[in-house]
Structures are given as structure tokens and as C-alpha cells.
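Protein chains in written order, with numbering that gives the first Met the number 0: chain A, 0 to 303; chain B, 0 to 303; chain C, 0 to 303; chain D, 0 to 303.
Hints are computed from structural coordinates only; laboratory data are not their basis. One should not assume that every hint holds.
Which copy is meant is left open, so a pair is good if it fits within one copy or across any two.
[What the hints assert, rightly or not] With a Cα cut of at most 25 Å, we get these calculated SDA-like pairs of lysine to any residue:
| hint | residue 1 | residue 2 |
| --- | --- | --- |
| 1 | K302 | P102 |
| 2 | K296 | R277 |
| 3 | K296 | L132 |
| 4 | K45 | R99 |
| 5 | K218 | L132 |
| 6 | K296 | E135 |
| 7 | K69 | A230 |
| 8 | K296 | G167 |
4 protein chains.
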Amino acid sequence: MATHRFIPTHWHNVLGTRPSALEVASGDLIVTETIDANGWDKHGDKVATGPNPMNGPIFVQGAMPGDSLKVEIIRMTPTRPTGWTRASLAANVVDPEDVRTLPARDRATWLIDLAASTVRLENPPNGLEHLVLPLEPMIGCFGVAPALGQAFSTATSAENGGNMDYRGFGPGATVWLPVAVEGALFFLGDCHAIQGDGEIVGTGVETSYEIEFRLTVEKARLHVWPRGENAEAIFTVGNARPLDQALQHATTEMLRWLETDYGLDKVAASHLLGQVVRYEVGNVYDPAYTMVCKVEKRWLPPKG
Amino acid sequence: MATHRFIPTHWHNVLGTRPSALEVASGDLIVTETIDANGWDKHGDKVATGPNPMNGPIFVQGAMPGDSLKVEIIRMTPTRPTGWTRASLAANVVDPEDVRTLPARDRATWLIDLAASTVRLENPPNGLEHLVLPLEPMIGCFGVAPALGQAFSTATSAENGGNMDYRGFGPGATVWLPVAVEGALFFLGDCHAIQGDGEIVGTGVETSYEIEFRLTVEKARLHVWPRGENAEAIFTVGNARPLDQALQHATTEMLRWLETDYGLDKVAASHLLGQVVRYEVGNVYDPAYTMVCKVEKRWLPPKG
Amino acid sequence: MATHRFIPTHWHNVLGTRPSALEVASGDLIVTETIDANGWDKHGDKVATGPNPMNGPIFVQGAMPGDSLKVEIIRMTPTRPTGWTRASLAANVVDPEDVRTLPARDRATWLIDLAASTVRLENPPNGLEHLVLPLEPMIGCFGVAPALGQAFSTATSAENGGNMDYRGFGPGATVWLPVAVEGALFFLGDCHAIQGDGEIVGTGVETSYEIEFRLTVEKARLHVWPRGENAEAIFTVGNARPLDQALQHATTEMLRWLETDYGLDKVAASHLLGQVVRYEVGNVYDPAYTMVCKVEKRWLPPKG
Amino acid sequence: MATHRFIPTHWHNVLGTRPSALEVASGDLIVTETIDANGWDKHGDKVATGPNPMNGPIFVQGAMPGDSLKVEIIRMTPTRPTGWTRASLAANVVDPEDVRTLPARDRATWLIDLAASTVRLENPPNGLEHLVLPLEPMIGCFGVAPALGQAFSTATSAENGGNMDYRGFGPGATVWLPVAVEGALFFLGDCHAIQGDGEIVGTGVETSYEIEFRLTVEKARLHVWPRGENAEAIFTVGNARPLDQALQHATTEMLRWLETDYGLDKVAASHLLGQVVRYEVGNVYDPAYTMVCKVEKRWLPPKG
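I would like the entire structure built from these sequences, with the hints used as guidance.
Right, dumping it as C-alpha cells:
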């Protein structure tokens with residue numbers, strides 16, 4: 000298994016079938032540097048334009064439609080000492096009449112202290128002078144090329160992944176994406192130093208990163224929506240509006256998973272989910288919202 | 000401060016302005032026994048009909064419209080050794096085309112072991128033979144009479160509370176409800192031995208309980224939606240469909256709370272929420288869905 | 000069949016089980032005067048408070064839960080020469096970011112010319128100087144008491160009717176409401192001189208009216224949602240959020256109607272609806288939205 | 000102005016930036032033959048695969064991002080004597096619990112009588128023996144390439160048009176589409192002999208067509224969503240889920256149009272829309288739903 004150091008020279012604002020920038024074997028390790036959501040790199044230079052410019056695509060040998068691409072997120076290291084956010088809640092996350100009272104969506108700078116593993120506002124407003132948050136790296140946007148020759152803006156998400164902005168997509172997480180084209184064509188970017196649920200100011204703390212991850216093809220692992228796993232839990236991801244529909248997609252995918260991999264029929268899966276399921280909210284700012292359906296491993300029967 | 004032992008002789012299927020069954024002073028402690036969602040009591044006798052028959056209402060002296068009723072949930076003890084659930088996911092939580100494949104919504108029995116503090120299926124299907132869940136008591140439905148002489152079924156929820164089915168409403172939680180009528184008129188019932196997020200089989204483990212709680216009037220504490228607090232966090236609750244709107248209500252209420260009680264302006268509150276907010280899903284089965292907006296206390300500035 | 004002249008002395012802001020203000024036999028004719036949405040009567044005196052104060056309830060002899068109450072709207076005559084509207088689109092009908100640009104929700108006066116059967120702004124803004132609209136009377140809010148002892152604000156709607164704000168509820172329309180309590184307990188008010196689809200400024204041209212209508216009990220006519228009929232079409236009404244769900248309710252009710260009364264099985268009903276159904280939008284301003292599902296009579300097979 | 004006879008040799012399942020199949024001058028007339036939603040042509044031969052294979056793209060000289068492409072639908076003539084539909088309502092248009100009772104989604108054949116201008120089922124089920132519907136041609140799916148290099152499946156819709164399935168898109172209608180790429184890149188296909196609102200069986204009467212239309216570039220006519228016009232009315236189109244959001248998009252676009260082209264400020268536009276707006280429902284089957292916002296020309300002030 001090789002390790003590739005991938006240095007992109009241009010970036011993409013869609014996930015789609017584009018000429019591959021790197022070709023790897025299944026199981027290879029990749030180290031790459033991402034720029035932030037607006038295209039600023041580690042030197043603070045604007046090298047690309049938004050939304051969410053992506054590294055990629057990476058062609059994974061052997062990946063064919065119907066397979067699953069396993070993405071292991073191994074390490075994420077910020078590559079500059081600042082990030083930025085918007086200074087107001089997004090209009091769509093408050094009651095419509097209250098939108099009139101929201102402040103301007105100015106940009107604010109945050110300081111990232113890699114040694115201390117913390118993040119804080121450069122110029123904190125009254126009341127937040129002492130707010131020091133933990134560095135919690137996550138990938139905001141990643142995915143594979145969708146089917147049919149479609150290409151989706153990196154400002155939204157779908158079955159193929161995309162701008163899901165889920166806090167759980169950090170080091171230690173493994174994600175499976177449904178392969179729709181030969182080579183899978185994997186893209187990633189838009190990483191955050193920290194982010195609350197929903198990305199409700201329209202940003203996390205946006206910054207540049209060095210990321211290490213592994214891509215592996217799993218044959219004949221059919222699924223419709225992204226699946227994931229970490230040390231404690233397995234989870235599925237639905238992307239749609241309204242949140243109700245994202246929840247339906249994620250729950251339906253989890254039901255399929257419990258049936259095919261854990262040997263539970265629909266009654267057993269219903270009993271399990273009914274009493275132990277957890278939902279977590281990804282992006283609620285974009286055209287498609289993200290809902291995560293999660294089951295802790297300690298409740299699962301043995302696989303197979 | 001007195002302690003009342005409240006033994007109801009009839010139950011209510013709505014939260015509304017009804018003759019009070021008990022009158023207490025602000026700050027009094029109440030101990031009562033609830034029956035389950037279908038009206039079965041601790042002896043397994045059916046003493047009332049569904050949906051969610053409520054104890055109450057309790058008139059709290061001094062509570063006037065515009066006040067807030069503080070509810071401290073102190074203790075919840077199951078009063079019988081069994082509970083029940085439905086054996087299929089609800090139709091509205093899976094993709095519409097998949098509804099055709101769901102099993103019948105039969106009732107299943109669960110065994111509650113109070114000494115071991117566990118819950119398990121009486122006749123577990125294949126794969127769940129070893130599933131033993133912790134006893135996690137919670138109140139499914141509680142609230143106060145709404146404004147205008149309205150009366151809402153205990154199968155739904157609104158500004159006044161109701162069937163929110165949020166796991167966080169267990170011992171150790173404090174909840175504030177906006178008072179709309181003199182005496183507040185507090186109702187409660189529909190308690191669960193455990194429940195996953197969303198109540199996606201349409202039930203938690205439904206059983207009868209003895210509950211101890213305190214009701215206190217707080218004057219001039221204006222809010223629109225329920226607020227809550229536990230050892231780690233403060234939270235707000237929005238009840239509506241779709242989930243997007245429930246999220247808007249909860250987020251708007253949290254924004255108000257951060258402004259009035261924590262001295263944050265809208266920019267500061269946006270910065271805080273944007274990077275630390277957590278959303279949790281209550282009921283997604285009823286006419287109104289429930290979304291909880293949460294902020295851990297460690298991130299909050301001092302009050303006042 | 001008697002004719003009743005019903006002169007209310009007080010009004011209701013909820014539809015619920017309240018002492019009846021008038022008792023009639025099935026098939027009786029009623030003539031009554033309604034006040035406007037804010038409680039102004041035909042003299043311009045404020046005699047009640049909003050939202051949407053209702054005349055009623057009218058107890059219809061013989062009506063029992065499970066029956067249907069047939070409401071024939073025969074005549075609607077405005078009783079004063081002015082009405083009023085709000086001067087801005089509601090915040091929830093534009094894109095969230097655009098809410099910031101909406102004007103204030105001031106009140107504007109409209110002149111009603113009964114002889115000419117027209118409606119126009121008293122002080123038209125630039126560009127609307129020549130706008131003269133037809134008088135198109137309709138009842139904004141009417142319904143029966145809901146089940147279970149529930150009582151719903153006249154600012155919303157449900158299975159029992161309520162604030163549906165559908166333009167089709169004018170003279171010549173017949174509506175069936177599902178009876179949930181003995182006597183049905185019929186309420187009405189909130190009439191408009193004209194209104195666009197959706198009531199998207201939050202009002203039609205609100206004014207006082209004299210209305211003549213007939214109430215008839217139909218036994219054993221089971222339905223869940225309101226049904227209606229006019230010279231050209233039959234229709235069903237769904238009330239819920241989001242509009243998608245209101246559409247599901249209305250479509251499901253129409254499917255039931257086509258099966259039970261027109262002898263179409265689900266395949267035949269699907270063929271018919273698939274190619275001839277029309278949807279019309281009622282209220283999209285209130286907590287519950289209204290969608291109407293309509294089929295022209297010329298496409299229907301003979302009844303029975 | 001030239002007339003082009005455009006005979007496609009291959010078809011597209013996405014609207015995106017693809018090599019142009021035809022290049023025309025602004026104002027040129029085009030006559031082309033479309034195949035049906037599943038790829039059957041006028042001979043009943045399957046020449047392409049679904050969803051909704053498109054003719055195109057047509058490159059229109061002079062069209063640049065920020066312009067508007069005016070599409071005049073002049074004539075639509077079915078080219079074969081049969082069409083087909085699905086025999087069941089779609090799962091997403093009925094109440095979730097009722098999905099269990101829906102029939103299979105079989106295909107049914109309809110006979111198109113061009114001389115009589117009628118459409119009827121080949122094998123009508125009981126009750127529909129005498130159902131003869133008018134031929135009402137419409138284009139189900141058409142649009143231009145979206146921005147950013149995106150490409151959207153012809154099973155959905157967005158700002159650039161797509162599978163909107165609006166009955167109003169027939170002969171006599173003029174539609175404006177926002178140009179996002181040089182040449183606009185216009186696609187069309189998926190024509191229907193008739194269709195009810197919403198395309199609630201997932202199809203209209205799907206068949207092949209000959210279509211005559213004109214494409215004209217209008218410079219500096221900025222809009223976000225499709226706009227249209229027919230003899231009686233102007234209208235705007237919003238595509239999104241839920242319907243509430245589609246309605247917001249369409250209403251916001253109409254507000255912009257009334258301001259920029261008809262000289263109405265937001266108060267005047269609110270007054271006008273509030274009392275005369277009509278909403279019509281396009282597709283409610285696809286990932287994105289379609290809502291049309293309509294104003295009759297007789298209520299509009301002179302343009303200027």
C-alpha cells in the first residue's frame with residue numbers, strides 16, 4: 000500500500016465526473032492540503048473561488064458503480080493560525096418574522112492555537128472574552144461523483160455526499176460512499192477547526208488543513224446513502240429538505256444496514272431503533288439539509 | 000413548602016382549561032402516580048383511554064399569564080414490572096415507497112427490572128436475545144393549559160408543552176413552561192422506561208410511574224417556548240412541523256434567552272451558537288415534531 | 000324547515016365545545032351577521048377581540064360523532080363600505096434572506112362598493128391607481144368543534160375546519176365537516192370581500208357580513224377532512240404544515256371519496272386523479288396551511 | 000430568422016454543460032421531435048434510456064451568463080397514437096400510513112386521437128369506461144445548463160428549469176430561463192398528452208411529440224427563477240422541497256418582477272399579490288417540487 004502526497008493545482012466547485020488529478024490503488028494512503036471554503040490557502044493567499052473549492056478528483060482503481068468507497072479519516076492538522084466565521088445566524092434557522100432583527104453577516108477571525116489545541120475569537124464581543132473552544136477538526140464537504148453524469152455544487156449534498164457539515168466527519172471516522180462511476184472520483188475540502196450542529200451561521204471556523212486518509216474499494220456493498228462508523232457507533236446520513244425527509248433517508252438506510260449486515264428482520268430492527276436510535280443534525284443552511292441516524296455498537300448483535 | 004400526594008380519579012386527553020384536581024403553593028413538592036399511554040395503571044388495569052391520559056390539572060397559586068412555571072423533575076420510579084412498545088417503525092420516518100415493506104404495528108412486552116435498573120424484551124426476536132437496555136425514565140407528555148381557551152390533544156405539542164417525547168425530560172431536569180392561564184394548570188403523564196430519539200416506533204417503553212416533582216412560579220420570566228436545564232446544559236424546545244420549523248422555534252427561543260439572561264447581543268449569541276450549539280430530536284411521530292436546541296453551561300458567560 | 004335570524008352577543012376565538020348560542024333542526028336556514036377578523040362590526044365598533052372572533056356555536060339537532068355536517072353557503076352581503084388589509088407580504092412566504100427587505104405590516108383601507116360589486120384601495124400607491132377588483136365574498140374561518148374536548152384557535156385549522164382562507168368558500172359552495180361532538184357545534188366568521196390565494200399578506204379584505212346558510216346533518220357519511228362541492232367540481236381540504244402534508248391529507252381524502260361514493264377502485268381513482276386533479280392553495284400564513292384537491296364533475300362517473 | 004429542423008441522434012439525462020447538438024441565432028425557430036420519458040420514439044422503438052431523455056443542447060448565439068433565454072412554445076403535435084401512465088398514486092402524495100394500501104405501479108396505455116384531439120385509456124377500469132379527456136400538450140422537462148459546471152438529472156428541477164411538469168408549459172406559453180453559461184445550452188423533452196396537477200401518478204400521458212419553438216436572447220434581464228407568460232397572465236416558477244419553499248422562491252421572484260418591470264414598490268406589490276395572486280402546483284413527485292405564482296395581466300399596471 001502506497002502513500003501519495005497530493006498537491007492540487009486547481010480546485011472544483013462541483014462533485015462530478017471530471018478528469019482525475021490523482022490515481023490510487025484501493026487501500027492507498029493519501030496526504031493532501033486543503034484550502035478553505037472561500038479559497039484561501041495556508042499562506043492566506045486566495046488560490047481558488049468558492050463555494051467550497053475541492054481537492055480532487057481522486058480515481059480509485061477498481062471502483063465500479065455498485066461498489067462502496069471506504070474513506071478512513073486518519074489525521075487532520077490545521078495549516079494556518081487563523082480561521083473565519085460569519086457573525087450572524089443564517090436567516091433560515093430563526094422564525095421568519097425574527098429575520099428582520101438579525102445583524103449583518105460580517106466575517107470574524109478566529110485564532111487557532113495548534114499547540115494548545117484551542118480556537119478563540121480574535122476580537123471577542125462582550126460576554127465572550129473568555130470563550131476558548133477545543134480544536135475539533137472535521138471535513139465539511141467530501142464525496143464522490145454522482146450517477147448519470149450529474150454534477151452537484153459543493154454548496155449542497157446528496158446521495159454521493161457533498162457539503163454535509165457533520166461534526167462527526169473528523170479523525171477516527173470511517174465513511175462509506177456509494178460509487179456511481181468508474182474510479183469513484185473522490186473530492187474533499189472545506190475543513191473546519193470547530194463547528195456547532197447545523198452550521199447555523201453558515202460556516203464553521205473555516206481554515207486550511209493537511210489531511211491524511213485512506214481510500215479502499217469494497218465490492219458488492221450496496222447502499223443508497225453514506226454510511227459511517229467511529230469507535231462507539233455506526234451511523235447513516237440522509238441529505239434532503241426538509242429535515243423530515245433527510246431523517247427518512249437516514250432511517251431507511253439504517254434499517255437496510257441492520258437487515259443485511261446484522262441479520263435483524265424489520266421487527267427486530269424496529270425494536271432496536273425505537274429504543275436506542277440517536278439523531279444528529281448536520282448542515283441546516285444549504286439547499287439540502289443533513290440528518291444522521293446513529294446506533295451505538297454496544298447495542299448491536301454480532302455482524303454476519 | 001408542602002408535599003402533596005396526588006391520587007387522580009380521572010384523567011385528561013387534552014391540555015386545556017379544566018377544573019383543577021389539586022391546588023398547590025408555588026414551590027410545593029408533588030408526588031403522583033401516572034398511568035401509561037393507553038390508560039393501564041400499575042396493576043395492569045385499564046382505568047382510562049388514550050391518547051396519553053394525563054394527571055391533573057394542578058393549579059399553582061400565584062401563577063398568572065406572562066409568568067413561567069418551573070418544573071423540577073426529582074424522581075421517577077416505575078410502578079410495574081412491564082412496559083410495551085410497537086413492533087414497527089412508524090410510516091412517516093421511512094422513505095414513502097418503503098412503507099409498503101414495514102411490518103404490522105403489533106404490541107410487544109418489555110420487562111422492567113427495577114433492582115437492576117434494566118429493560119429488555121419479553122420475547123426478543125432473533126438477534127436481540129442479549130439486548131439489555133438501561134432504565135432511563137422520562138416524561139413523554141406534560142405541559143400547561145394554552146392561551147385563549149384552547150385545548151390540545153395529548154397526542155401533539157405546542158408552545159405550552161405537550162407530547163414532546165424528549166429523552167431529556169427525566170430526573171435532574173428542570174423545565175420552564177410559559178403560563179397562559181391563572182394557576183398555570185399543569186398536566187403530566189405518558190412516562191417511558193426508555194425511548195430512542197424521535198419515538199420512531201410511536202412509543203417508548205410505555206409504563207406506569209411514581210413521580211416526584213416541584214412546581215414553582217417565576218414572575219416576569221417571559222418566553223414563548225419551553226426552556227430547560229440540567230447539570231450540564233441549558234436548552235430550548237420548539238414544537239412544529241416540519242422539523243425545520245421546530246428548529247427555527249427552538250433556535251429563536253435560545254437567541255432570546257442568551258440576550259436577556261446572559262447579556263449577549265445578537266452577534267455574540269450567533270458566534271456562540273454557531274460553534275457550540277447541539278440539536279436533539281424529540282418526537283417525530285406526532286402532528287407536531289419536537290426539536291431541542293442545547294448549549295453546554297461551560298460555554299456560557301455568567302448570568303445577569 | 001325554519002329560518003333563524005342569529006344575533007350573537009359574544010364571540011369565540013376558538014373552535015371547541017362551548018355552550019350553544021343557537022339550536023337548529025337539521026335542514027334549517029340561518030341568517031347571521033359576522034364581524035371582521037379584528038372584531039369590528041358593521042358600524043365600525045370594536046365589539047370583540049381577535050384572532051377571528053366567531054359567531055356560534057350553533058347546535059344542530061341530531062348531529063352525532065361520525066356524522067357529517069353539510070353547510071350550504073347561500074348568500075354573503077357585506078354590511079359596511081370598508082375593509083382592511085395588511086400592507087406587506089408575510090415573512091414566511093418569501094425567501095428567508097429577503098425578509099429583511101419587506102415593508103412594515105401597516106393596515107390599509109379598502110372601499111367596498113356593493114352596488115358596483117367592486118373593491119378598491121382608499122389610498123392606492125403608485126401604479127395601483129386604477130386597480131378595481133371584483134367583490135368576491137368568502138368565509139375565512141368556519142368549522143365544528145373538534146374531538147376529545149380539544150379547542151383550536153381561530154388562527155389555525157385542522158380536520159374540523161377552522162381558518163382555511165380558501166377562496167372557494169363563498170356563495171354557491173357546499174361544504175361537509177366531520178362531526179366530532181353531539182350537535183356538531185358550528186362556528187363561523189372572518190369573512191373577506193376578496194382574497195388572493197394563500198392569504199399571503201395575512202389578510203383578505205377584512206370586513207363585516209350578513210350571511211345566509213343552511214346546516215343539514217348527513218348520517219353515516221364518514222370522512223376525516225372537510226369535503227366540498229360547487230357547480231363545477233368536488234373538492235377535499237387538507238390542513239397541515241408543510242404544504243406537502245396538507246396535499247397528502249387532501250389527496251387521501253379524495254381517494255377515499257372516489258372509492259366510497261363513485262365506485263372507483265384505487266387503480267381507477269389513480270388514473271382519474273393523475274390526469275385531471277387540480278390543487279388550489281388556501282391559507283399559507285397560519286400555523287397550519289391549507290391545500291385543496293379538486294376534481295371537475297364532468298370527469299366523474301355517476302355516483303353510487 | 001432561420002428555421003431549424005433538429006433531429007437528435009443521442010439524448011441526455013442531465014441538464015448541464017455538454018457539447019451542443021445545434022447552434023442557432025437569437026430569434027430562430029426550431030422544430031424538433033421528442034421521445035417519451037422512457038426513451039420510446041414515435042415508432043415505439045426504445046432509442047434512449049430514462050429518466051426523461053432530452054433533445055439538445057441547443058447553443059444560442061450571443062447568450063451570456065446574466066442574460067435571459069426567452070422560449071416561445073408555438074406548436075406541439077403528438078407523433079404516435081398512444082401514450083402511457085402509471086396506475087397508482089405515488090407514495091409521497093398520500094398520508095404515510097395509507098401507502099400500504101396503494102396498488103402496484105403498473106403501466107397503462109392511453110389512446111391519443113389527434114383528429115378528435117382526445118385522450119382515453121385503452122383498457123379503462125370500471126367506472127372510467129366513458130372517460131374521454133382533451134388533448135392538452137405540455138413539455139414536462141426543459142431548461143438550460145446550470146451555473147458552476149453543475150449538471151442536474153432530468154428527474155428533478157432547479158433555478159435552470161428541468162422537470163417542472165407544469166401544465167402551463169404548452170403552446171401559447173412563453174418562458175424565460177436564467178442563462179448561466181455561454182450559449183445558454185437549451186434542452187427539452189418528456190412531453191405529455193395531458194397531465195393533472197402535480198404529476199401525482201409520477202407521469203402524465205407520456206408520448207412522443209413534434210414541437211415548434213423559438214429561442215431568443217434577452218440581454219440584461221436578470222432573474223433567479225424561471226418566469227413565464229401566456230395570453231392571460233404572467234407567472235414565476237419556484238422549484239424546491241418542501242412546497243412551502245417552492246412557493247417562497249416563486250413569490251420572491253414575482254415580487255422582484257413587479258418591482259423592476261411594473262414600477263410597483265414592495266407595498267404596492269404586496270397589495271396586488273395579496274388580493275389577486277394565484278398559485279398552481281407543478282411536479283410534486285420529484286426530489287424538487289414546483290410551485291407557480293401567477294398574476295392575471297388585467298390587474299397589472301402598464302409596463303415601464
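Hint by hint, here is what the structure shows:
In this assembly of identical chains, the alpha carbons of K302 and P102 lie at most 25 Å apart only when taken from different copies (23 Å versus 51 Å within one copy). When the C-alpha separation of K296 and R277 is checked against a cutoff of 25 Å, the pair qualifies both within a copy, at 12 Å, and between copies, at 22 Å. In the homo-oligomer, the alpha carbons of K296 and L132 lie at most 25 Å apart only across protomers (13 Å), although the nearest pairing inside one protomer, at 29 Å, exceeds that limit. In the homo-oligomer, the alpha carbons of K45 and R99 never lie at most 25 Å apart, since the shortest distance is 33 Å inside one protomer and 31 Å across protomers.
Neither within a single protomer nor between protomers do K218 and L132 lie at most 25 Å apart by alpha-carbon distance, with minima of 41 Å and 35 Å respectively. Taking the shortest alpha-carbon separations for K296 and E135, both the intra-copy value of 23 Å and the inter-copy value of 18 Å come in at or below 25 Å. Only within a single protomer do K69 and A230 lie at most 25 Å apart by alpha-carbon distance; the minimum there is 16 Å, versus 39 Å between protomers. When the C-alpha separation of K296 and G167 is checked against a cutoff of 25 Å, the pair qualifies both within a copy, at 15 Å, and between copies, at 22 Å.
Checked against the numbered hints listed earlier, the structure breaks hints 4 and 5; every other hint is satisfied.
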